[in-house]
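Listed in order, the protein sequences are those of chains A and B. Under the numbering used here, the first residue of the first sequence is numbered 35, with each subsequent residue one higher. Under the numbering used here, the first residue of the second sequence is numbered 35, with each subsequent residue one higher.
Keep in mind that the hints were calculated from the coordinates and are not lab data. A few of these clues could be false.
Which copy is meant is left open, because identical chains are indistinguishable; a pair holds if it fits in one copy or across any two.
Only pairs whose alpha carbons sit at most 30 Å apart, straight line, appear in this in silico DSBU-like list of lysine-lysine [stated by the list, open to error]:
#, residue 1, residue 2
1, Lys-110, Lys-348
2, Lys-110, Lys-151
3, Lys-300, Lys-114
4, Lys-378, Lys-294
5, Lys-140, Lys-348
6, Lys-300, Lys-266
If you want the building blocks of each chain, they are given just below.
There are 2 protein chains.
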Amino acid sequence: MSKHRIQKLQEMMRADNISAAIIIQPRDLYYYTGTSQPCNLVVPHTGDPVLFVRRAEDFVRTETWIEDVQTGGSPKQLLKSLHEMGISSGVLGIEGDIVVANLYLKLRDAFSDYSLKDISPLVLTQRMIKEPGEIELVKGASHRFDLAHETILRTLRPGMSEVELGGRLAEVLFAHETEQVLFIRRWDDWLQPAGTIVSGENLYQISGHAMTVTGVGLSPAMPWGPSSRRFKKGDLVVVDNPLNYRGYHSDNTRTYVVGKASNRQKEVYGAVRELQDYALAQIRPGIWIDEVYRLVIRKVTELGYEEYFQGYGKQRGQYLGHGVGLELDELPVLSGRTHLKFEKNMVLAVECKFIIPDFGAVFLEDTVVIEENGCQILSSSERDLFEVG
Amino acid sequence: MSKHRIQKLQEMMRADNISAAIIIQPRDLYYYTGTSQPCNLVVPHTGDPVLFVRRAEDFVRTETWIEDVQTGGSPKQLLKSLHEMGISSGVLGIEGDIVVANLYLKLRDAFSDYSLKDISPLVLTQRMIKEPGEIELVKGASHRFDLAHETILRTLRPGMSEVELGGRLAEVLFAHETEQVLFIRRWDDWLQPAGTIVSGENLYQISGHAMTVTGVGLSPAMPWGPSSRRFKKGDLVVVDNPLNYRGYHSDNTRTYVVGKASNRQKEVYGAVRELQDYALAQIRPGIWIDEVYRLVIRKVTELGYEEYFQGYGKQRGQYLGHGVGLELDELPVLSGRTHLKFEKNMVLAVECKFIIPDFGAVFLEDTVVIEENGCQILSSSERDLFEVG
């Protein structure tokens, strides 16, 4: 890994009149330095960055490609470093969606000769377009989703509970070296790493932040994800199984039926499959994201599911998917408000679901990479409605 | 659950001249309202609180004991609510260790007639003393640790990898309804929910924030926790297995040997066991925490392990343990800088470890509740060095 990521950030900083940036968030640090240890990275608008190490210096020195590694990272040290770079005023970028108020106030006082500005939008915009090595790791995660899917086909039985299935998936996934943590940038959201496993009437209870098939969880302390509900013959079961492999995520979902699918289940699933195929067929470089969202909404209406697409009533997600990478939920948001073109090497989770009260939900989600002429699905699992148990 | 937790917070607020507080962090919300859904809680210094619901209102209305539940939560609505409470200026408490800079700046602008102050120290001080129902849940978590320990005794074998053992624990623990997420208040720290499983030479590599037996993880993207290292005859294996059961944590650690323990391993373990027994014997209501820390340090020196207690060289934890509850790492910190008395119904993780380069580590950690005359260990697992495989 070379310095080109930092150089690209510096280009964006100069275009935005940002004199320097202080990066402290572990995913952003990992992206720019190769280490996610507790560090503060000082990036001048031009010239070499300095990496201050708060902990685990031995690890940092073997992990990073940054040449100037120093011990410490207090505001005083960071200020001295900026002065040595010849930057004694101007706009200083910080991660405004990460730095907490107590730290923000310390930084504001220490850097009173500068004005502070949120630099996360630049960082996340850069991270939106993936490099080949990053795409390989998302593929690695997607292949492990295939293992999860095979495990579900093999083990899901009537009488088993949602959390028991979670345990079976965890056993396989953790042994295959997926991380036991999903990285989410929001300060107030967490997801279960063995998947959001949801069945029966839980399919149309929408809890927490995400307007999706959330499940109800085990208690109000974490009221989403798998519950102790046991699968019954005839149940629909949705498994939304994001994975983190060596720091990179995939996000895939399949829908199952316990026993034989009813005609109605087949019909509703057929519609969501048709919709997802339609959506994927629209995605290629140079096409507007908001325009594709509008086309998909039109298709939903043609299919007759406009009341249930991505939720129902007041609880509806207004999106078709999102970027995935070092965090599970990244730019771009695939929505009607994103006036931005699809680009080669974006990695996206494209998700179509119908959530229907008193019926259940069908949900198909694929992680794809955008190539020259369209998008490629990274999982090799079939995209059918699966009869299991 | 009644309003007494809010009334206690209001007492502390009045003593600190805080006019009102806005609570948004999910653990704090859960503590004061019974729901951890996306909400903003407005607490006046006296009188009834108002709970604003940003998402999942149906869930909130069944979960909370707050009577005044309203839809929304924008700064404008919060401001209106404060005015209706008759509070149009004064000190406004926010969680300064949680609220991110972008949100802080919005709140500062919206509440320009108030001065903002970090209220988390009050909240965390209140949460330090547990109620009977909370202690029961920590016991529930501790009993599940016993299941993890039994699983280790039954399954750990030479040739198995650290992550494979993690998968086995996950299968058992998730099926027994532990949460798949550990709640940590720091904005930049995450831990694997199936435990920090560390063996052989990994035992003396100290990575990340925590000065403890961290392991090296699977990649620099998350360089702590279980790795793909396979257990060998003669290895020491430390399993630090914090658990989250219905929102409440336990934190326990045991040390194992693959095959027969050597005399040296037995000797070092014997010392850590003696130290931990000594530490636990000191803890009872009315005794100073910093004084106990000093006594323990003196005992370490008597035992001859002063170079290795809680780490070695520059990488040493200066603490004997910490509170546990709705978050894994709570007040009080058991350190030489905590001039505070132990109190009845504190729930604490007490942890003694020696980390010795080129030897390994021995680590014994117990979650205890402080009762009238001393402390009670909540796990029923033996506290020995276990020969396995």
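Checked hints:
Proximity of Lys-110 to Lys-348 under the C-alpha cut-off of 30 Å is restricted to the inter-copy arrangement: shortest distance 22 Å between copies versus 49 Å within a copy. With identical chains, the CA atoms of Lys-110 and Lys-151 are at most 30 Å apart both within one copy (19 Å) and between copies (24 Å). When the C-alpha separation of Lys-300 and Lys-114 is checked against a cutoff of 30 Å, the pair qualifies neither within a copy, at 65 Å, nor between copies, at 50 Å. Neither within a single protomer nor between protomers do Lys-378 and Lys-294 lie at most 30 Å apart by alpha-carbon distance, with minima of 41 Å and 57 Å respectively.
Within a single copy, Lys-140 and Lys-348 get their C-alpha atoms only as close as 41 Å, which misses the 30 Å cut-off; across copies the closest is 26 Å, which meets it. For the homomeric pair Lys-300 and Lys-266, the shortest alpha-carbon distance inside one copy (18 Å) is at most 30 Å, but the shortest distance between copies (51 Å) is not.
In the structure shown, a violation is registered for the earlier hints numbered 3 and 4, in ascending order.
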